[in-house]
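Peer 1: Under the working numbering, the letters of the sequence shown match residues 248 to 518, in that order.
Note that these hints are calculated values from the structure, not bench results.
Mixed in with the good hints there might be a few duds.
[As the list claims (entries may be wrong)] Below, simulated EDC-like cross-link-like pairs (lysine to aspartate or glutamate); rule was C-alpha separation at most 20 Å, straight line:
no.	residue 1	residue 2
1	K362	E338
2	K506	D281
3	K506	D471
Values in this document were obtained by computation on a predicted structure and should not be read as measured data.
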Amino acid sequence: MSGHERGGIGLEYLSVFGMPLPEYVAMATRLECDFISVNYRGAANAPDGTAVEALNDNRQARQHLVSALADHGMRLELVEGFAITPATSVEDYAADLDSVAQLGARSICAVSLDKDIRRTNVQFSTLAEMAAMRGLRVTTEVGAGVMRNFEMASLTWRDVDSPNFTLLIDAMHFFRRGGNLQDLDSLPPGAIGHVQLCDVPMPARIESYMEEALFERLCPGDGDLPLRDFLARISNTVPIGLEVPIRSASNDMEELLRKCLSRTRPLIGPI
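Let's have the full structure, built from the sequences with the hints guiding it.
Peer 2: So this is what it looks like as C-alpha coordinates:
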(Lines of atoms letter the chains of each structure in order from A and count residues from 1; the text may use other names and numbers.)
(Lines give C-alpha, C1' and ligand atoms only; values in the text may rest on other atoms or scores of the structure.)
Protein backbone atom coordinates (compact mmCIF):
# COMPACT_ATOMS: atom_id res chain seq x y z
CA MET A 1 0.00 0.00 0.00
CA SER A 2 1.42 3.36 -0.96
CA GLY A 3 1.46 6.22 1.49
CA HIS A 4 -1.41 7.85 -0.42
CA GLU A 5 -3.71 4.83 -0.70
CA ARG A 6 -6.64 4.75 1.67
CA GLY A 7 -7.02 1.71 3.88
CA GLY A 8 -10.77 1.45 3.48
CA ILE A 9 -13.36 -0.33 5.59
CA GLY A 10 -14.05 -4.04 5.66
CA LEU A 11 -15.16 -7.06 7.65
CA GLU A 12 -13.27 -9.23 10.10
CA TYR A 13 -13.91 -12.98 10.09
CA LEU A 14 -15.10 -13.13 13.71
CA SER A 15 -18.09 -11.04 12.63
CA VAL A 16 -19.54 -13.86 10.51
CA PHE A 17 -19.16 -16.89 12.80
CA GLY A 18 -17.40 -19.16 10.32
CA MET A 19 -19.61 -18.39 7.31
CA PRO A 20 -18.34 -20.30 4.24
CA LEU A 21 -15.68 -18.14 2.65
CA PRO A 22 -17.26 -17.70 -0.82
CA GLU A 23 -20.51 -16.58 0.85
CA TYR A 24 -18.54 -14.24 3.08
CA VAL A 25 -16.86 -12.61 0.07
CA ALA A 26 -20.20 -12.24 -1.73
CA MET A 27 -21.84 -10.65 1.32
CA ALA A 28 -18.95 -8.24 1.83
CA THR A 29 -19.36 -7.19 -1.79
CA ARG A 30 -23.08 -6.53 -1.35
CA LEU A 31 -22.24 -4.46 1.72
CA GLU A 32 -19.80 -2.40 -0.37
CA CYS A 33 -16.80 -3.29 1.76
CA ASP A 34 -13.29 -2.63 0.56
CA PHE A 35 -11.79 -5.79 2.00
CA ILE A 36 -12.22 -8.86 4.16
CA SER A 37 -9.98 -10.58 6.68
CA VAL A 38 -9.83 -14.32 7.37
CA ASN A 39 -8.29 -16.71 9.87
CA TYR A 40 -5.84 -19.14 8.31
CA ARG A 41 -6.78 -21.86 10.79
CA GLY A 42 -10.54 -21.35 10.75
CA ALA A 43 -13.07 -19.38 12.74
CA ALA A 44 -12.55 -19.28 16.49
CA ASN A 45 -16.28 -18.76 17.05
CA ALA A 46 -17.96 -21.15 14.61
CA PRO A 47 -21.27 -22.49 16.00
CA ASP A 48 -21.20 -25.88 17.67
CA GLY A 49 -21.55 -28.65 15.13
CA THR A 50 -20.34 -26.47 12.26
CA ALA A 51 -17.35 -27.66 10.26
CA VAL A 52 -14.49 -25.19 10.66
CA GLU A 53 -13.21 -24.10 7.25
CA ALA A 54 -9.46 -23.82 7.74
CA LEU A 55 -7.15 -22.72 4.96
CA ASN A 56 -3.84 -24.04 6.23
CA ASP A 57 -4.54 -27.69 5.38
CA ASN A 58 -7.17 -27.33 2.66
CA ARG A 59 -5.91 -26.45 -0.80
CA GLN A 60 -9.42 -26.61 -2.25
CA ALA A 61 -10.68 -24.06 0.28
CA ARG A 62 -7.82 -21.76 -0.67
CA GLN A 63 -8.66 -22.12 -4.35
CA HIS A 64 -12.33 -21.39 -3.70
CA LEU A 65 -11.38 -18.27 -1.76
CA VAL A 66 -9.08 -17.01 -4.51
CA SER A 67 -11.82 -17.56 -7.08
CA ALA A 68 -14.42 -15.75 -4.97
CA LEU A 69 -12.10 -12.80 -4.39
CA ALA A 70 -11.40 -12.55 -8.11
CA ASP A 71 -15.05 -12.92 -9.11
CA HIS A 72 -16.14 -10.10 -6.81
CA GLY A 73 -13.09 -7.87 -7.02
CA MET A 74 -12.67 -8.11 -3.25
CA ARG A 75 -9.40 -7.47 -1.42
CA LEU A 76 -8.01 -9.87 1.17
CA GLU A 77 -6.40 -7.50 3.64
CA LEU A 78 -5.42 -9.60 6.64
CA VAL A 79 -4.87 -13.27 7.46
CA GLU A 80 -4.86 -14.11 11.16
CA GLY A 81 -3.83 -17.38 12.77
CA PHE A 82 -0.06 -17.20 13.24
CA ALA A 83 1.42 -17.81 16.68
CA ILE A 84 4.88 -17.57 18.20
CA THR A 85 5.34 -20.18 20.93
CA PRO A 86 8.29 -21.41 23.02
CA ALA A 87 8.24 -24.70 21.15
CA THR A 88 8.13 -23.36 17.58
CA SER A 89 10.16 -21.17 15.28
CA VAL A 90 8.75 -18.78 12.69
CA GLU A 91 10.99 -20.41 10.09
CA ASP A 92 8.45 -23.23 10.19
CA TYR A 93 5.90 -20.85 8.65
CA ALA A 94 7.70 -20.51 5.31
CA ALA A 95 5.25 -22.70 3.40
CA ASP A 96 2.27 -21.08 5.10
CA LEU A 97 3.53 -17.64 4.14
CA ASP A 98 3.87 -18.84 0.55
CA SER A 99 0.24 -19.97 0.62
CA VAL A 100 -0.97 -16.71 2.15
CA ALA A 101 0.89 -14.72 -0.50
CA GLN A 102 -0.77 -16.85 -3.18
CA LEU A 103 -4.15 -15.89 -1.72
CA GLY A 104 -3.30 -12.28 -2.55
CA ALA A 105 -3.33 -11.14 1.08
CA ARG A 106 -1.59 -7.96 2.13
CA SER A 107 -0.83 -8.69 5.79
CA ILE A 108 -0.73 -11.36 8.45
CA CYS A 109 -1.36 -11.05 12.17
CA ALA A 110 0.96 -12.97 14.47
CA VAL A 111 0.42 -13.30 18.22
CA SER A 112 3.16 -14.32 20.64
CA LEU A 113 2.48 -16.83 23.41
CA ASP A 114 6.16 -16.91 24.38
CA LYS A 115 6.81 -15.10 27.67
CA ASP A 116 10.46 -14.71 26.77
CA ILE A 117 10.06 -11.20 25.37
CA ARG A 118 13.57 -11.06 23.97
CA ARG A 119 12.97 -14.23 21.96
CA THR A 120 9.51 -12.98 20.97
CA ASN A 121 11.00 -9.82 19.50
CA VAL A 122 13.67 -11.75 17.60
CA GLN A 123 10.97 -14.02 16.20
CA PHE A 124 8.85 -11.06 15.13
CA SER A 125 11.88 -9.53 13.41
CA THR A 126 12.59 -12.75 11.53
CA LEU A 127 8.93 -13.13 10.57
CA ALA A 128 8.84 -9.56 9.26
CA GLU A 129 11.83 -10.32 7.04
CA MET A 130 10.29 -13.56 5.78
CA ALA A 131 6.97 -11.85 5.06
CA ALA A 132 8.61 -8.95 3.23
CA MET A 133 10.24 -11.41 0.83
CA ARG A 134 6.71 -12.50 -0.13
CA GLY A 135 5.14 -9.05 -0.35
CA LEU A 136 3.37 -9.42 3.01
CA ARG A 137 3.39 -7.24 6.10
CA VAL A 138 3.25 -8.39 9.72
CA THR A 139 1.08 -7.01 12.50
CA THR A 140 0.71 -8.06 16.11
CA GLU A 141 -2.42 -7.43 18.14
CA VAL A 142 -2.26 -5.15 21.15
CA GLY A 143 -3.85 -6.97 24.10
CA ALA A 144 -3.42 -10.49 22.70
CA GLY A 145 -1.00 -13.17 23.84
CA VAL A 146 1.93 -11.81 25.83
CA MET A 147 1.33 -8.32 24.41
CA ARG A 148 -1.15 -7.77 27.23
CA ASN A 149 -1.33 -4.01 26.98
CA PHE A 150 -0.30 -1.04 24.90
CA GLU A 151 2.94 -0.44 26.79
CA MET A 152 4.24 -3.96 26.18
CA ALA A 153 3.21 -3.96 22.53
CA SER A 154 4.72 -0.55 21.82
CA LEU A 155 8.02 -1.57 23.42
CA THR A 156 8.10 -4.66 21.21
CA TRP A 157 7.30 -2.57 18.13
CA ARG A 158 10.19 -0.22 18.92
CA ASP A 159 12.57 -3.10 19.64
CA VAL A 160 11.75 -4.96 16.42
CA ASP A 161 12.23 -1.68 14.54
CA SER A 162 11.16 -2.93 11.13
CA PRO A 163 9.12 -1.00 8.55
CA ASN A 164 7.38 -4.31 7.86
CA PHE A 165 6.17 -4.79 11.45
CA THR A 166 3.23 -2.81 12.83
CA LEU A 167 0.63 -2.90 15.58
CA LEU A 168 -2.95 -4.09 15.18
CA ILE A 169 -5.31 -2.14 17.42
CA ASP A 170 -8.50 -3.98 18.40
CA ALA A 171 -10.74 -1.34 19.98
CA MET A 172 -12.13 -3.71 22.63
CA HIS A 173 -8.77 -5.06 23.75
CA PHE A 174 -7.04 -1.69 23.55
CA PHE A 175 -9.43 0.17 25.83
CA ARG A 176 -10.25 -2.75 28.14
CA ARG A 177 -6.52 -3.33 28.74
CA GLY A 178 -6.07 0.26 29.87
CA GLY A 179 -5.17 1.98 26.61
CA ASN A 180 -6.16 5.59 26.06
CA LEU A 181 -6.14 8.22 23.36
CA GLN A 182 -2.89 9.70 24.61
CA ASP A 183 -1.22 6.35 23.99
CA LEU A 184 -2.15 6.62 20.33
CA ASP A 185 -0.79 10.16 20.22
CA SER A 186 2.56 8.82 21.43
CA LEU A 187 3.03 6.60 18.38
CA PRO A 188 4.86 7.86 15.30
CA PRO A 189 3.23 7.62 11.87
CA GLY A 190 3.30 4.11 10.48
CA ALA A 191 3.23 2.27 13.79
CA ILE A 192 -0.39 1.15 13.38
CA GLY A 193 -1.02 -1.23 10.51
CA HIS A 194 -4.61 -2.36 11.06
CA VAL A 195 -7.62 -1.53 13.23
CA GLN A 196 -10.40 -3.89 14.33
CA LEU A 197 -13.40 -1.81 15.31
CA CYS A 198 -16.32 -2.55 17.61
CA ASP A 199 -17.98 -1.03 20.64
CA VAL A 200 -18.31 -2.41 24.16
CA PRO A 201 -19.63 -1.17 27.50
CA MET A 202 -17.15 0.23 29.99
CA PRO A 203 -16.88 -1.47 32.39
CA ALA A 204 -17.77 -4.93 31.12
CA ARG A 205 -21.23 -6.38 31.75
CA ILE A 206 -20.39 -9.93 30.69
CA GLU A 207 -18.35 -11.90 33.21
CA SER A 208 -16.34 -13.90 30.68
CA TYR A 209 -13.96 -11.72 28.68
CA MET A 210 -13.53 -14.33 25.93
CA GLU A 211 -17.28 -14.94 25.69
CA GLU A 212 -17.77 -11.26 25.03
CA ALA A 213 -14.83 -10.97 22.64
CA LEU A 214 -15.86 -13.94 20.51
CA PHE A 215 -19.65 -13.69 20.65
CA GLU A 216 -21.09 -10.49 22.10
CA ARG A 217 -19.49 -7.26 21.00
CA LEU A 218 -21.54 -4.21 20.03
CA CYS A 219 -22.04 -2.13 16.89
CA PRO A 220 -20.29 1.24 16.95
CA GLY A 221 -22.41 3.66 18.93
CA ASP A 222 -24.04 1.03 21.13
CA GLY A 223 -21.31 1.05 23.80
CA ASP A 224 -19.08 3.46 25.66
CA LEU A 225 -15.87 3.63 23.64
CA PRO A 226 -14.73 7.05 22.32
CA LEU A 227 -14.69 5.80 18.76
CA ARG A 228 -14.86 9.15 16.98
CA ASP A 229 -11.82 10.46 18.86
CA PHE A 230 -10.12 7.08 18.49
CA LEU A 231 -10.55 7.03 14.72
CA ALA A 232 -9.49 10.67 14.43
CA ARG A 233 -6.05 9.48 15.52
CA ILE A 234 -5.84 6.72 12.91
CA SER A 235 -4.29 7.50 9.53
CA ASN A 236 -6.67 7.10 6.60
CA THR A 237 -4.14 4.69 5.08
CA VAL A 238 -4.89 2.17 7.85
CA PRO A 239 -7.54 -0.49 7.06
CA ILE A 240 -10.52 -0.42 9.44
CA GLY A 241 -12.12 -3.85 9.88
CA LEU A 242 -15.43 -4.28 11.68
CA GLU A 243 -15.09 -7.01 14.29
CA VAL A 244 -18.62 -7.19 15.66
CA PRO A 245 -19.67 -10.78 16.46
CA ILE A 246 -23.14 -10.46 18.01
CA ARG A 247 -24.60 -13.91 18.58
CA SER A 248 -27.62 -12.62 20.50
CA ALA A 249 -28.80 -10.44 17.60
CA SER A 250 -31.37 -11.41 15.01
CA ASN A 251 -30.67 -14.13 12.49
CA ASP A 252 -30.22 -11.58 9.69
CA MET A 253 -26.46 -11.21 9.90
CA GLU A 254 -26.23 -9.18 6.72
CA GLU A 255 -28.65 -6.52 7.93
CA LEU A 256 -26.87 -6.35 11.27
CA LEU A 257 -23.54 -5.78 9.56
CA ARG A 258 -25.14 -3.23 7.24
CA LYS A 259 -26.27 -1.30 10.31
CA CYS A 260 -22.81 -1.50 11.87
CA LEU A 261 -21.20 -0.29 8.66
CA SER A 262 -23.65 2.59 8.38
CA ARG A 263 -22.68 3.63 11.90
CA THR A 264 -18.98 3.38 11.13
CA ARG A 265 -18.66 5.17 7.81
CA PRO A 266 -19.53 8.63 9.18
CA LEU A 267 -16.93 8.17 11.91
CA ILE A 268 -14.21 7.51 9.37
CA GLY A 269 -15.17 10.09 6.77
CA PRO A 270 -14.87 9.73 2.99
CA ILE A 271 -12.99 6.61 1.92
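Peer 1: Taking the hints in turn, state whether each one holds.
Peer 2: Here's how the hints hold up against the structure:
| no. | hint | verdict |
| --- | --- | --- |
| 1 | K362 to E338 | holds, 19 Å |
| 2 | K506 to D281 | holds, 16 Å |
| 3 | K506 to D471 | holds, 18 Å |
Comparing the model with each earlier hint shows no violations; every hint is respected.
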